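**Student:** Here is how the chains run, residue by residue.
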Amino acid sequence: MARFRGRGMASVNYPIGMNLGGDPSQALIHSNPDGKFTVALSAIDLGQGMKQVTRQVAAETLGVPIEDVYVDTADSDTGPHDMGSFASRGTHRMGNAVIAAAREARGVLLEAAAEELEVNAADLVTDGKGNIHVKGAPSRSITVRATAQAAQFKQGKTIAGRGIFLIPLSSVDPETGEMNPNTAFAHACLVADVEVDDETGEVSVLGMSSAYELGRVINPKMVEQQLVGGAWMGISHALYETPEPYYPNPDHGPRDFNEYLMPGPGDLAPYSITILERPAPDGPFGGKGPGEMCANPVLPAIANAVYNAVGVRVNDLPITPEKILRGIRANGGAKPQARRGGAL
Amino acid sequence: MAKVPVQFRLNGSDRAAFADPADSLLTVLRRGLNDFGPKYGCGQGTCGTCSVLIDGELRLACLTLAASCEGASVETVSGMADGPNLHPLQNAFMEHFAAQCGFCTPGMLTAAKALLDRNPNPSREDVIDAIAGNICRCTGYEPIIQAILAAARTLPAQRRS
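Chains as they are written, first to last, in our numbering: chain A, 1 to 344; chain B, 1001 to 1161.
Hints are supplied without guarantee of correctness; some may be wrong.
Claimed, not checked - In silico SDA-like pairs for lysine to any residue, Cα to Cα no more than 25 Å straight-line:
(1) A:K51 to B:C1101
(2) A:K221 to B:F1036
(3) A:K51 to B:F1103
(4) A:K323 to A:T158
(5) A:K51 to B:G1102
(6) A:K157 to A:G207
(7) A:K221 to B:N1034
(8) A:K221 to B:R1137
(9) A:K221 to B:L1086
(10) A:K129 to A:E115
(11) A:K221 to B:Q1090
(12) A:K221 to B:Q1146
(13) A:K51 to B:L1063
(14) A:K323 to A:P263
(15) B:K1003 to B:N1091
(16) A:K221 to B:N1091
(17) A:K335 to A:D316
(18) B:K1003 to B:N1034
(19) A:K51 to B:Q1090
(20) A:K36 to A:A87
(21) A:K221 to A:K157
(22) A:K51 to B:E1095
(23) A:K221 to B:I1128
(24) A:K221 to B:A1067
(25) A:K135 to A:E118
To be clear, the hints were calculated from the coordinates, so they are not data collected in a lab. The structure displayed is predicted, hence computed values, not measured ones.
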């Protein structure tokens, strides 16, 4: 009886969003009389960073401080339409919609400022600190707040912008079967080292190492956070999570999520990540989005590592000790495969 | 069933409420005293997001009868900050991105505070042991472990000053 070490690898080309019925996202931006901006979205933030990313994108495009932008994702009944938070599409689709809305709002903002300064709007620039001034003449300036108040109370003008980003429906070519399912792909490669106990069938993940290419990283800390959390979800999916672990007889299986097995803080594996940035031509500032692919390569990498360790190919998830022990028995014992590469 | 009066100290203030004898502390905190810091997660003592400190001991508010807290001192995550000054653990959780959806965060902070109150210099294993009763579905736990270890490093300096 022994513990066998194995290494597995997996690579992912991940499509950002989908277009089965066309894939639109809308954003609306308006200024308030205090010179701050509200961005209205129906994209949902469950902690994945939708609000933070769209706030950064809006502030950058408007040319105002990030503190002066508020993102409201409160209500998908009354907010502008969005297809939803899925398929890793949020940053790409909604980011582009926010850029379009912010450009239009910025245009009105500069027109209102031009009227106050009695200059041509084309000659105005923003300093990103809440001021608008004439290009090359910083002393001829007005604050965004004064501009918003003049627009609201004097000019009778709404500083606002509408934005939509649409990936149109791509139909299948009847001759060739070709279609264009997507415009942006993110990429990743992940290596996992595991140890498999041939007596208990238990798998320990010893360490993982990955490289992710995500286009422009709009918020590096949130990307890292998503990749770390997502890799844990990948381990959980690969080795633990199922409503019926006691196959083929579910009589003694879990009855609710309180008995649903997931790895805890004592089951973590050291994980090193390298981020590569290859900006997407049609992404918001080149961004694509990590999303679901944080977890995806972990599953096949662990499955490959288990095969590498004991020669058992488990084809359905999760890779439970029972499946490994049955495989070892069917093979007449653990059959370690050849190893390549050094330490992770 | 007749309501019974319950009095205890909540985050340093004397509070009183009328509770059904079967009400949990969590119910009284959230519905009676408007302290929405501790969350209702599983309601069965497995997820840990309702964690509070009762007389300094880490307890699950969903499994604690409110009536049993008579005269006790109850601390929740709502009382961790000192006015506008966040607790070092709260700052560390922000700096280390230890929250994503945030639903486990009240329990994680409370469990971490219970740890640091009795052991200001914990090892990584001590931290893992301290949060083993708290489920997180987003972060993969590592940022939470790092935040607690970082907060522990800032504590002795503060206590010296």
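**Student:** Tell me the hint numbers this structure goes against, listed in increasing order.
**Tutor:** Failing hints, ascending: 2, 4, 6, 7, 13, 15, 20, 21, 24.
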